Amino acid sequence: MCRADGISAEDPPEPAHTRSGTDPGHTGSTDAAFTALLEDSAEDLYDAAPCGYLSTMMDGTIAKINATLLDWLGLTREAVVGRKRFADLLTVGGKLYHETHFEPLLRMQGELRGIALEMKVSGGRRLPALVSSVVKRGAGGEQLLIRTTVFDASDRRAYEEELLRRRQDAERAYAAAERARLQAEADRERLAATLAVLQQTLLPPSLPAVPGLELASHYHTASPDQLGGDFYDVFPLTDTTWGFFLGDVCGKGVEAAALTSLSRYTLRAAAHHNPDNPIAVLSALNTALLRDPSVGIRFCTVLHGTLTPTHDGATVRLAGGGHPPAFHLSAEHESDEDSRVRPVELPGAMLVGALAEARFAETTVDLEPGQTLLLYTDGLTEARDADGQLLDTEGVAAMLVARTGPSTPAAVVADTVAFLAGLPNGTDDDVALLALGVPSAGTSAAGSSTDAVSIIASDRTQTLIESTDRP
1 MCRADGISAE DPPEPAHTRS GTDPGHTGST DAAFTALLED SAEDLYDAAP CGYLSTMMDG
61 TIAKINATLL DWLGLTREAV VGRKRFADLL TVGGKLYHET HFEPLLRMQG ELRGIALEMK
121 VSGGRRLPAL VSSVVKRGAG GEQLLIRTTV FDASDRRAYE EELLRRRQDA ERAYAAAERA
181 RLQAEADRER LAATLAVLQQ TLLPPSLPAV PGLELASHYH TASPDQLGGD FYDVFPLTDT
241 TWGFFLGDVC GKGVEAAALT SLSRYTLRAA AHHNPDNPIA VLSALNTALL RDPSVGIRFC
301 TVLHGTLTPT HDGATVRLAG GGHPPAFHLS AEHESDEDSR VRPVELPGAM LVGALAEARF
361 AETTVDLEPG QTLLLYTDGL TEARDADGQL LDTEGVAAML VARTGPSTPA AVVADTVAFL
421 AGLPNGTDDD VALLALGVPS AGTSAAGSST DAVSIIASDR TQTLIESTDR P
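The numbers in the numbering used here rise by one with no breaks, and the one at position 237 of the sequence shown is 237.
In case anyone wonders, no lab produced these hints; they're calculated from the structure.
Mixed in with the good hints there might be a few duds.
In silico DMTMM-like pairs for lysine to aspartate or glutamate, Cα to Cα no more than 25 Å straight-line [unchecked claim]:
id	residue 1	residue 2
1	K64	D44
2	K136	E99
3	K252	D239
4	K252	D44
5	K64	D31
6	K120	D152
7	K95	D44
8	K84	D31
Have a look at the derived ranges for each label pair, beta carbon to beta carbon [unchecked claim]:
id	residue 1	residue 2	range
9	F235	T287	13 to 23 Å
10	V254	A186	18 to 28 Å
11	R188	D385	43 to 53 Å
12	G114	K64	19 to 29 Å
13	T287	Q183	39 to 49 Å
14	R179	A67	32 to 42 Å
15	P236	L290	22 to 32 Å
16	R190	P424	43 to 53 Å
17	G123	E78	15 to 25 Å
18	E394	A441	55 to 65 Å
Everything numeric in this text was worked out from a predicted model, so none of it was measured.
Beta carbons are placed, not taken as given, at the ideal position from N, Cα and C, and that holds for glycine.
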């Protein structure tokens, strides 16, 4: 027999859990727990909320406050409700901000959210808080009361303070590094100034004026932090003969400076002792370097000679020890490029100070009116062109041939310096230039000299001795 619902009267009714596919015991416990949650009163939800709640009258008097906020502040409801204003719960700074900013803005805008304030906690502690308030209005728009929520911002404050400490530590570290950098720059500038002064002591203060001849020189040190090893000098030997030399010692720094000083003064002394024998002068320097224990295994390359003015030019006796060849430049009116610039070769000349039995070579060069003899150190030949290739003596010769100006010593030196300055990478080594020349026919026979010393300082070249012309 079937009922109207389609179930046989003999069949027992199917349990509800069988039809739904759930466990009746599990369903019952879940439903009970869920029901218990729903049965929480609004007052319980308000009082045990994870944030602070309070309601105040428009004058700030506290009318209602939840247990969460009371627990945070260590207060009782009896001591607060109707007895304190919201501002009384704040620290001095928080109260001042509340009265001057928070409360006026709240009355004007009707709500404020996420304002950071500090609240007083019993025992003298402070509670960093984020406060939001909303003004409740009546049916006519009148302001009735203020509802406020308070969130504990202690962790946020700790995080902010940690960030602040890290920032302050970083700022202190940066300030210390900046002071160290400035001190290092000041020390470097003082060192560069000291080295520049010391460098001057290793060079002649100025070139002498040789009657009937023109002289020019230039000195460029590649680093302001190290003393260079290039040197040169021109000095009288007799009433009619002048001595000169240009050289380059091995290495840089204090040791190179000591070797430079020894070489310079030995050459001058030996030249006065042997004014007619340049090779003997180089031999004397070779012996001095080998005998001086402070020199060690250092050596140098040198060109040394004598310069004697004549009625129609000058005679140069030139001796060399391992140095790049000087260049003999003809007058600018000569059109033959092969003869306009000629290297003065000294075959077989060996380094000075390397071997006791070193051999040196000598030759004679006659300078005619308009001609110049250019001496230089290997900083010029070791400079690199735009392709990164060393200039070498061939590159220097090509540069001198390509010149279009006069072949006076001052012009040759100036053009060479300008050429170096125009190279993409300049030069990594010191460069010394010394030019000796005879004025062109028809010009004054009075002696003149031009000298300049430069030292690299950051990104500029500073002239320490201005060019001078002396009669």
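Against the structure, the hints:
1. K64 - D44: Status holds; Cα separation ~14 Å.
2. K136 - E99: holds, 19 Å
3. K252 - D239: violated, 36 Å
4. K252 - D44: Roughly 87 Å between the alpha carbons, so the hint for K252 and D44 is violated.
5. K64 - D31: violated, 34 Å
6. K120 - D152: Measuring from Cα to Cα gives roughly 12 Å; hence the hint holds.
7. K95 - D44: Violated - the C-alpha atoms of D44 and K95 are around 30 Å apart, more than 25 Å.
8. K84 - D31: Outside the cut-off at roughly 43 Å; violated.
9. F235 - T287: 13 to 23 Å: holds, 21 Å
10. V254 - A186: 18 to 28 Å: holds, 21 Å
11. R188 - D385: 43 to 53 Å: At roughly 31 Å between Cβ atoms, D385 and R188 fall outside 43 to 53 Å, so the hint is violated.
12. G114 - K64: 19 to 29 Å: About 22 Å separates the Cβ atoms of G114 and K64, which means 19 to 29 Å holds.
13. T287 - Q183: 39 to 49 Å: Given a distance of about 46 Å, which is inside 39 to 49 Å, the answer is holds.
14. R179 - A67: 32 to 42 Å: violated, 55 Å
15. P236 - L290: 22 to 32 Å: holds, 29 Å
16. R190 - P424: 43 to 53 Å: The hinted range 43 to 53 Å is violated for R190 and P424, with Cβ atoms some 31 Å apart.
17. G123 - E78: 15 to 25 Å: Distance hint for G123, E78 holds at roughly 19 Å.
18. E394 - A441: 55 to 65 Å: violated, 31 Å
Of the numbered hints listed earlier, those contradicted by the structure are 3, 4, 5, 7, 8, 11, 14, 16, 18.
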